[in-house]
Amino acid sequence: MTVQMIGGEMLLWSDMDDPVRGAALAPLVAAATGRVLVAGPHHPDLFGTDVTHDFLVRGVPDATALAGRFGSATVWCGGPEKLTGRYDTVLALDGVGRLSSVEGIDADVGHLAAVLAPGGRLMLGAANPLGVHRLAAAPGDEPADARWCEPDPVPAPALGQSAVLAAFPHPTTPAVVLSAGLLADPRYRGFAEAAVARAGMPGMQVARAGTPGMQVARAGTPGDGRPGDGAAPAAVLDPVRLAVDAVRQGVAVALAPGWISGAPECCVVDGRMLTPGADGTWPVPEGRTLLDHVVAAARRRDMPRVRTLLTRWRGGPAAGVPAGQVLIMPDDDLVALSEPGGEGAALMALAADLMRGGHATAWPAPDGETGLARTLAAMTGVDLPDGALPPPPPLAARADLVAQGQRLSRRVAALEAKLAWFENALTDRDAALARAYQVNRVLAGKPVARAGAAAVEAVRLLRRALRRR
Amino acid sequence: MHHANHYYGHSHVLARHCGLDPLPTADRPARLHGYLQHGWNVGDGMAPDHAYVTGTPLLLWSERTRRRAWSMGRRETYVVGSPWAYLVAQTPDSGAPREGTIWYPFHGWEGQHVVGDHERLIAEIRATEPGPVTACLYWQEFAMRGVRRRYERAGFRVICHGHRGGRWRDLDPHFLDRQLAELRRHRRVASNRLCSAVFYGALAGCEPAVYGDPMHLEGEDMALARQVRRRWPQMHGAKVDVATAYATAVGELGADRLIPPAEMRRLFGWESTA
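Those sequence lines, one after another, are chains P and W. The numbering used here puts the first residue of the first sequence at 1075, with every later residue one more than the last. The numbering used here puts the first residue of the second sequence at -15, with every later residue one more than the last.
Hints in this document: simulated from the structure, not taken from any laboratory. A couple of the hints might just be wrong.
Partner residues are not named here, just some residues of chain P that face chain W (Cβ under 8 Å, in silico) [said to hold, decoys possible]:
| # | residue |
| --- | --- |
| 1 | Trp1437 |
| 2 | Thr1449 |
| 3 | Ala1487 |
Backbone N, C-alpha and C fix where the C-beta goes; we use that ideal spot for every residue, glycine too.
Next comes chain P alone, as it looks inside the complex:
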């Protein structure tokens, strides 16, 4: 199919170095019905090669590539204001920010709504300027070429609506989408926390989700909260911890990196679409995560409870599964939401979560994350030798670096104090030893001691003589 130039097309421009993609999107794309328009840069792997949708992109190279890949599709190139068709479904999962051409007018949702057939469905993505990926990000990113102007953000969807989907960990690369309805239901809090934790860091989730044919997203710029390729973490705060906390506090929709509105009410987790039953229940396990339980018990300083939780974890079928991926269901059974990754790694991850989350104050001066992991094992009755644990997970945020620095300072102060104590103790013992030597010398000069020494010598000589015989 050839490309239909409709005006406003950009001859040398491409958005396909960073299209909207992510494991969570394929089931949503597949849910599109009727005559479908795909507006904006969507990764081609989201569609089958025999797709018959219409596509709208602004860059000529992108339009040409799409036309080459999808022989049955119609590809429009230019600004959305030039579109004339009518569609049952408009997919704009990237939002409207990358529809505008430098040659045309600034696009808004109205341009897409204008091409919807009566009763049609507009599935619209939007980035949240107050999403955890932004809250966690370092400031100071360089403006990209695409930001030749800054259109108003798409207004947030009415967040109370259960059909709003919260997208994690990044609006462009959602690995997980969760319905606002599920997120509002405390029964599914653990499931949702585990899902956003599994979605991981922005920029890493595509590889983690393992969608065939999709490229691993590259490390992004510091400004979007994705990990950089330098030694220091790019993010200021750990976006995953922030996202999990947002779920726990019931503000996950308000702080989600992105939203999708207009989709059927559903969740997409691990590439699977889940829908609620007629009674509003979801086909997912209920309960809170083991990590949540351990943190709560440690905060209360209920160490017997921590021991019980850890012992059940390590002694059961969820052993080796990260604590944030294990649910304690209402019937008190443990259920694993991901595959085990090794007991040592899971213990170390829990120690890191406790320490970096500020919950390790329940333990006395643990010597780092490895030390805490060994103590956690010991709480279940297991002595872990040095070297039995993998190294701690890399620090996810600069705030963790600061906290680590403070912790090390306290440790150095404690070691210095201990050193001073050892010095004093050594001085005391040196003095005691000197006194003991002196007493020995004095006693050695007494007649009784001399007689004793002579007797010992006599016995020694006698034994030697007897041995020679």
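Chain W: place on chain P using the hints.
What follows is chain W alone, placed relative to chain P:
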């Protein structure tokens, strides 16, 4: 870190819990990383006259003590339970019949002197206790012939559990074993002040009681003693509710907070000696 860790054979009892091999002896106690609480108290669990090294953990008997210590600025704290609670758990009760009361008159520690009327106290004990009485004196009072004779004249059996040891000398790994054996011979345990021994007795299955002239140390501010009476009324009186007193002893001695041997070895720095 401190010689007080070895008072009353405390570190030795815990070494048994940890399965140290060989077990530490009286003249070679196991050094442990931290300051082990060595008596029940209403402060941060530590003795006020000891110096503590920053960052070295306080190993406390009960969660209540830990909360109190935290509020007093102590951060490196951990509840391990009292050595007594480990000993009671280690030593099954034979179920032999018990008789009479073991009575611990309030005592000072090394360098302290108690002011009070022993005769009046003795009269009160005789009026209250239904059976034979064993008076257990601290070694200082036991060594004072006059004090000892008063209790003997009253018809009491007078004993002493021995020296608690100090500065790595005269350590007695079996001090608490003897105390437990004595307590388990008696049906009741009593004192004129709420103290470790009363809680020990309650945990060992004795009916506890706290009554009589509380006496006092020279120069002691009695406000604290009055606060103790207000805070633990369930332990005071000649007759108390035994189940409530037992539950209180479990909490104060941390019998509900015992830690597994592996955890203790790790905390104490005993991993290589197990």
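Taking the hints in turn, this is what the structure says about them:
1. Trp1437: 7 Å, holds
2. Thr1449: 6 Å, holds
3. Ala1487: 6 Å, holds
Checked against the numbered hints given earlier, the structure satisfies every one of them.
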